[in-house]
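Protein chains: 2
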Amino acid sequence: NVGIRRAEIKQGVREVVVCKDGSGKVGISFFAESKGVFVCYVKTGSPGAMAGLRFGDQILQIQGEVVAGFSSDKASKAVKKASAARISLAIRDRPFERTITMQKDSANHVGFSYNNGEIKAIVKDSSAARNGLLIDHYLCEVNGQNVIGIKDKDIAKIFDESPRTITITIMPKFIYEHLMKNMGKSLRKSMDHSIPDV
Amino acid sequence: NVGIRRAEIKQGVREVVVCKDGSGKVGISFFAESKGVFVCYVKTGSPGAMAGLRFGDQILQIQGEVVAGFSSDKASKAVKKASAARISLAIRDRPFERTITMQKDSANHVGFSYNNGEIKAIVKDSSAARNGLLIDHYLCEVNGQNVIGIKDKDIAKIFDESPRTITITIMPKFIYEHLMKNMGKSLRKSMDHSIPDV
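Heads up: the protein sequence lines correspond to chains F and A, in order. In terms of this note's numbering, the first sequence has 266 at position 40, counting the first letter as 1, and numbering is strictly consecutive. In terms of this note's numbering, the second sequence has 408 at position 182, counting the first letter as 1, and numbering is strictly consecutive.
So here's chain F without its partners, still in its complex pose (with noise of 0.2 Å):
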């Protein structure tokens, strides 16, 4: 299932190499949280978004430099002085997500409801019940693409136009809505959500 593969939050450790823009930009964004950085904000389109980072992925090392219990401002500056054409980043895939595989019911549906991609019911015994969706937990990717910054009812038709199997992405609210802080409208609208090449 391609939905799947494209949602899969893969063990270990990779290296992901980036370049800078015409005008020098990445088009990625960070927060610090518990001594690690995260990616809370990938640009449409930007060198970041094609080398498939995506929100909620951690950073371990830029440019072979180790920065654990860096500040987000001190690892956008080792962004910033690495050269315009190579920048090595080791990446842990979304360390705070998780990804739960559902089946649509006769009525299209896998039964929870969301308020702003927040997870809020889950319908008794249908698909999500079974597979143990949680309530207290966003919304991040469905198939893989990113959903943040998507209205629900866009969202809404994502799920219609989805095959049967449906994979969804989701993180506790408790630590999402601390990546998302800083995140006015505008920014949510120009996140990244392409669907990821698989």
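Treat the hints with care, as some may be off.
One copy or any two copies: either way a pair holds, since identical chains are not told apart in the list.
[As the list claims (entries may be wrong)] Pairs of lysine-lysine, PhoX-like flavour, derived with a Cα cap of 25 Å:
no., residue 1, residue 2
1, LYS399, LYS346
2, LYS261, LYS399
3, LYS246, LYS330
4, LYS261, LYS307
5, LYS330, LYS261
6, LYS377, LYS236
7, LYS346, LYS377
8, LYS246, LYS303
9, LYS236, LYS399
10, LYS330, LYS379
11, LYS307, LYS350
12, LYS251, LYS306
13, LYS236, LYS411
14, LYS307, LYS377
15, LYS350, LYS261
16, LYS306, LYS377
17, LYS377, LYS407
18, LYS350, LYS300
19, LYS379, LYS350
20, LYS246, LYS346
21, LYS377, LYS246
Since the hints were derived computationally from the structure, they do not count as laboratory data.
Once you have looked at the hints, place chain A on chain F.
Leaving out everything else, chain A in the frame of chain F:
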């Protein structure tokens, strides 16, 4: 590596079959959170421990009944009323936990400190830092062995005696403290601390 395999958090839903012991007990306790039911206690030597249930596992079904939205009491009653010989549970492996694999340095350290199981500091440029270990998390397992309820100095022995590659299983503080809030000292001590079969 056997530690990595013992610690593995598998995706998807699996069936576990448990029975009751001579006094009619399975030896597990539940905690309800965000419309899910979680295992917060597995008694050493109990049928639940033998069946491989672990702290943090999510219970999805008991005897085919979906338990989403159940209170912990209601889930316990569903287990109590089941036949002694065969209780079927649908389980999702420890959804709030994740694993991090590190390598000991020449001083036999991976590079973090903890207090009552809570991760408090990360040593600069250590294996813990390079692998993105975070504070505000609790140690749940070392090489797949549950260490909740084990004293810090005894956890240190488990680290000392581990092979060079160590896999730890951690849970964010906010959810750990929920799950553990009704667990007194003597209950913690009587938790299953056996090394998992692989």
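(request) Check each numbered hint from earlier against the structure, then list the numbers of those it violates in ascending order. (result) 3, 6, 13, 14, 16, 20 and 21
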